[in-house]
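Residue numbers (my numbering), protein chains in the order written: chain A, 878 to 1238; chain B, 878 to 1238; chain C, 841 to 1177; chain D, 841 to 1177.
It is possible that some hints are incorrect.
Reference listing, derived: stretches of chain B covered by chain D, where coverage requires no fewer than 3 residues with Cβ under 8 Å from a Cβ of chain D [to be verified]:
#, segment
1, 954-961
2, 1048-1062
3, 1219-1230
Quick caveat, the hints were computed from the structure, so don't treat them as lab data.
From the three backbone atoms N, C-alpha and C, an ideal C-beta is built for every residue, glycine too.
Single-letter residue listing:
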Amino acid sequence: MRASSADTSAERNAFSLGNLADAGSYHEPLLIDPLDNEALMSGLQRMILIRVVEEKIGDMVSQGVVKCPCHLVIGQEAPAVGVAGYVRKGDRVFGAHRSHGHFLALGGSPHGLLAEVQGKDTGVSRGMGGSMHLIDIPNGLFGTVPIVGATIPIAVGAGIAAKMDGNGDMAVSFFGDGATEEGAFHESMNLASTMKAPVLFVCENNFFSSHLHINLRQPDSSVCRYAEAHRVGWARADGNDLAAVRTATKEAVEAIRAGEGPRFLELVTYRWRGHVGHREDEDVGVKRKDDLAAWKLRDPISRLAVSLEANGALDRQQLKRFWTEAHTVVEEAWAEASHDQYPPAKALLSRVYSGTMARKR
Amino acid sequence: MRASSADTSAERNAFSLGNLADAGSYHEPLLIDPLDNEALMSGLQRMILIRVVEEKIGDMVSQGVVKCPCHLVIGQEAPAVGVAGYVRKGDRVFGAHRSHGHFLALGGSPHGLLAEVQGKDTGVSRGMGGSMHLIDIPNGLFGTVPIVGATIPIAVGAGIAAKMDGNGDMAVSFFGDGATEEGAFHESMNLASTMKAPVLFVCENNFFSSHLHINLRQPDSSVCRYAEAHRVGWARADGNDLAAVRTATKEAVEAIRAGEGPRFLELVTYRWRGHVGHREDEDVGVKRKDDLAAWKLRDPISRLAVSLEANGALDRQQLKRFWTEAHTVVEEAWAEASHDQYPPAKALLSRVYSGTMARKR
Amino acid sequence: MKQTPVTTGYGAAIRDGFEYLLQNHPSVFTIGQGLWSPWYVGNSMTDLDSQFGRERVIDTPVSELGCTGAALGAALCGYRPIVIHPRVDFMLLAVDQIVTQAAKWRSMFGGQVCAPITVRAIINRGGEQGAQHSQSLQSWFAHIPGLRVVMPSTPTDARDLLIASVLSDDPVLYLDDRWLYGLEEELPPIEERNLAQEGPRLTRTGQDLTLVGCSYSAHLCREAAARLSANGIECDVIDIRVLNPLDSTLMIKSAKKTGRVLAVDGDWRSCGMAAEVIASISEAVDPRVMRAAPRRVTLPDAPAPTSSPLERSYYPTVDYIVQRALALVGAQQETFE
Amino acid sequence: MKQTPVTTGYGAAIRDGFEYLLQNHPSVFTIGQGLWSPWYVGNSMTDLDSQFGRERVIDTPVSELGCTGAALGAALCGYRPIVIHPRVDFMLLAVDQIVTQAAKWRSMFGGQVCAPITVRAIINRGGEQGAQHSQSLQSWFAHIPGLRVVMPSTPTDARDLLIASVLSDDPVLYLDDRWLYGLEEELPPIEERNLAQEGPRLTRTGQDLTLVGCSYSAHLCREAAARLSANGIECDVIDIRVLNPLDSTLMIKSAKKTGRVLAVDGDWRSCGMAAEVIASISEAVDPRVMRAAPRRVTLPDAPAPTSSPLERSYYPTVDYIVQRALALVGAQQETFE
Ligand SMILES: Cc1ncc(C[n+]2csc(CCOP(=O)(O)OP(=O)(O)O)c2C)c(N)n1
Ligand SMILES: Cc1ncc(C[n+]2csc(CCOP(=O)(O)OP(=O)(O)O)c2C)c(N)n1
Ligand SMILES: [Mg+2]
Ligand SMILES: [Mg+2]
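Next up, chain A with everything else stripped away, as it sits in the complex (with noise of 0.2 Å):
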């Protein structure tokens, strides 16, 4: 049983993101199952409002008027919506620094969200947490915070409770690349994987963290190959494409629902904005304008609205009235916000333990 790695070149290739990291590829239709043409369009909605929400709150952000740090997911809206399509009632979602698609996805309230970047008494998270800490029980979505990897086990202990529960429920932990370098997360992979906690990882890989793409932190750039070490079940699959990650997931998390354990999905998406805030260009160098020119035509919506056009499952009038209907709740939900009031002085000390009030100073 002597071996080395020599024994294993071959198989490196499978964790090659091969031509899904290439920008130019991927801008044909999409393979649709018709069967699955009804989520598809109310996941074409989701997707609308999110990219929408995203947009005024950019534009919010660029007046100086949302003053938190905004991380916004224009352009890798799928992986939500197409994940949040197998969440049930019982299940819990954990997100990090860049989750107001997670949010929106799993059925969270505009106005909640845009309160909440105004710091608004009414947010989701009454205010006290800004655009990185999201939270909405009754949606299924327990927490995303911003300490990249922080979430990871977090997911993986409500796996755990989600197990010992024994109703079949599971914990999905949405993380970047970026995160899949934290120690964190291999701590979390392995527990997961030897206490065979149902939890669905699901890396959104958007070759970025911050200004710095993988090929400058990894040596391989899929990271499909963690979950073969941690043994934890993997697919990869087009991030931007919601039939391709309903697919992935649907297989991913019946398995996770029949005790098999965690299973990992890597989402090879793309992100439009600047790391942070609402520029397109703040980060980085020239390579990634072309790259992103490209990107833009493997748009998640577009693609998909063009793909169930052709299949005849939408017309034009009704994409029209979905960005059209989008706008209204997100002018009306901003403008609703906007009139709310900020939290109380008091909210400072009284929300830090239960029962009690915290000492000034």
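Please arrange chains B, C and D with the ligands on chain A, whose structure you already have, making use of the hints.
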């Protein structure tokens, strides 16, 4: 490029320990290249020295003379000695809590170690470290500490330093299978891999972390799969076979010095004593007791001696002399250390900062 | 027929607390390193795994950060996990989950979630273990809003404050010290207490000097007070018990009475618990009432040594406290240069 | 012809320090997140990568623990690395390497090695970032023997103390605060200083009150002192600069003179730097000399909020310090219940 773990299931076998994990295997004589006879003879001598030192320490622990926690390496002498054979001046080696063997294999003085475990000023760490904190800069041992995993990133930094120095030197990181569960291990592997740092990672997989078998802590028993994930070239060998350890080390070190970046060795072995202290059976259950009896037949020392005898390189007399000499050296060193002084009272405060005294209380 | 009282040691009392919790509260489980070992955490959890099953008494990989985070996750889902770190030093790898996550989730999400996680870490020092196996660092955690910090100094408290910690809806750091495991006492029946109502306790009264400490230092203070009493010096002794949030009422009251304070702590000095005691008192007591400047007894400014002679001089002792107390009581004549 | 003085901002002064170090000391390199980004660490490291090469200005994966450990490893091998954490909060993942490793290796190995690593972390609070992006925690690190802790409050100090930190043979935590980046001053020529000789500095003198603070709080103290002076109250202002090991000589001397102390700190209160200031002074000053009980101004006992109205009330301000100082100076008549 949609892909999933189903595609890679075949080569998961490469990451099984197979009969290397079978206590009943590997009792036959070693395969020895006669060209390696000389090195193996001196390796044998070094392993005997380690064994005798460890037995002495074990006795002194059992008598209550040595009080600091000692993690004995009896049964696991080959990895340290095999790897040390390829360490040259300029290389930097780091160990962990079970590092008496690393210290002695690199040429450390038995007196220095025996004085240190007694807390004497003449100890290798001047009586400030005890068994778990050893250092021997002249011989290339840059530090061993008992926080599991802690020296792994430190060794990567030493590798980065060696690369900057540009002399073809390397860093060596010794750690156990338990340490691969620490996030620090994974962060270090990724960093070394990305930066192509000249680091030899040596995992002595003895199946146990304290009382817990690897099968209760990880989903698979061979840890090379982590090296594969981090794209670090790896090899696995019988860690109780000095010849095999040497071969694997030689290949790895050549690649490292050639500028190919880090390498990873998994050396499969077994400890004979409890996790800490002198007893054999302090930890665990029946299974381990049975295994231990079988593993004793895979004794790295006697198996090598038998093989070298068969080879004609060693005769009974010489072997006996090795043991006697080791005993003499160790007894003399012990006696000397016993008469040495403890550190002066001021050592507590004078060694905290460079050039200044710390405050009393 | 007279019954001889049954006494229980500190470690066994902790085990009683675990047993009570696991028996009476299905939401409780415990996770950490060494829980399936006969010796890892002393006698404080012996055989809990066979008694309650390995699904509720979970031994783990060597992954402090991951396991602490997992406990927090379960806590957010209605469980009351106790995560075990056999040494404070190992727990430091999990600081993010304790300090930046658990302590903040409630406030950060507007009070909509609670994280009833108990982190139990053991102070396990001495025995020539050295710098990386001897830290206590209660001062660090007592610095963090949102994290309750509990340090029992008696077997009864060890049991009852463990139970109160686990039943608290807030994250709690519970620190026990192996040097206290030798203490024995007769335990009263278990009573579930509200941790928010627990705080420092006056365990002895006197007019001459206020001794304040927590955990093993509280024990040392009690011993020192007994010795000082034999010398005609009577002390108030305050066992802090709950370090954060700190209720300083009792120590302020005592300082006003005695005019003299000696704060003893087994942690380092700078920005330490002893500094907090002195600052809290100094802020609140009219200086004219003080009969002497308050003083601290802490570790010296050095990592823990291994060598036994150095180790003996490193940790505060009853002797040393008595000596410092005597100096303090004679200190009206002390000259300040 | 009169020259207009050239002033340099705090961030640019830090960059000057880096430039000086990288230019004059081949053993210096820097590693951390954001070093190849135009904006990640403000203007404090702009273009260093193109100036000195990406082998010496290393951007990294998101691996705080691993990268800090790597810097320590290089430090043990003769280099003088500066590891960058763009926020204190992220650095907490690396606490083991800073506190249990770097701070202890020298003593633990009998003084045979030194670990000249500088950990630079940035306090980057406000802006509605909230609880996990706003911690400063200097009190934690000032608690650790073996770790020097430096917090410059002026551009000159930002540059020169960075240089002194990196040239020190001991591990140093260097904390700069983005709120100071707006400060500008004319910089004197660079002089390499011995960090062991640096300590608190009296930046203003007065008879009525001692104000003590570090970093941004020292700046607030200076501003408050100017305002108080306009009200006829003259303050000693002490900028702590080096928090650990702390030399309390100056603050003790000042307290003896003024009899009144206000300790201001941008960290939490309990076991915090302000507690240390008060404890150090209270221990050393005859209480009869004090004209009032010393007081602290710190953060309230809560994680940082996001919402702007709450954020405004969360951080100490010049106004608040002035108000507390006025109360303190009038405090001879204050009644202690
Ligand atoms: C522990 C920690 N380190 C660093 C950061 C700074 N940071 C915030 S987001 C981010 C990028 C993470 O990249 P990725 O996980 O791929 O998510 P993405 O932004 O691409 O969605 C970084 C480095 C942080 N918030 N927390
Ligand atoms: C961070 C940390 N966690 C836990 C421990 C307790 N501990 C000491 S040695 C050890 C076992 C490590 O196992 P392994 O790495 O396989 O080394 P081995 O003892 O088998 O040589 C453990 C868990 C520690 N010292 N440090
Ligand atoms: Mg990313
Ligand atoms: Mg092992």
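To see whether the hints hold, each was checked on the structure:
1. 954-961: With 0 residues closer than 8 Å to chain D, the segment 954-961 of chain B misses the three-residue bar; violated.
2. 1048-1062: holds (count 3)
3. 1219-1230: holds (count 6)
Checked against the numbered hints given earlier, this structure breaks only hint 1.
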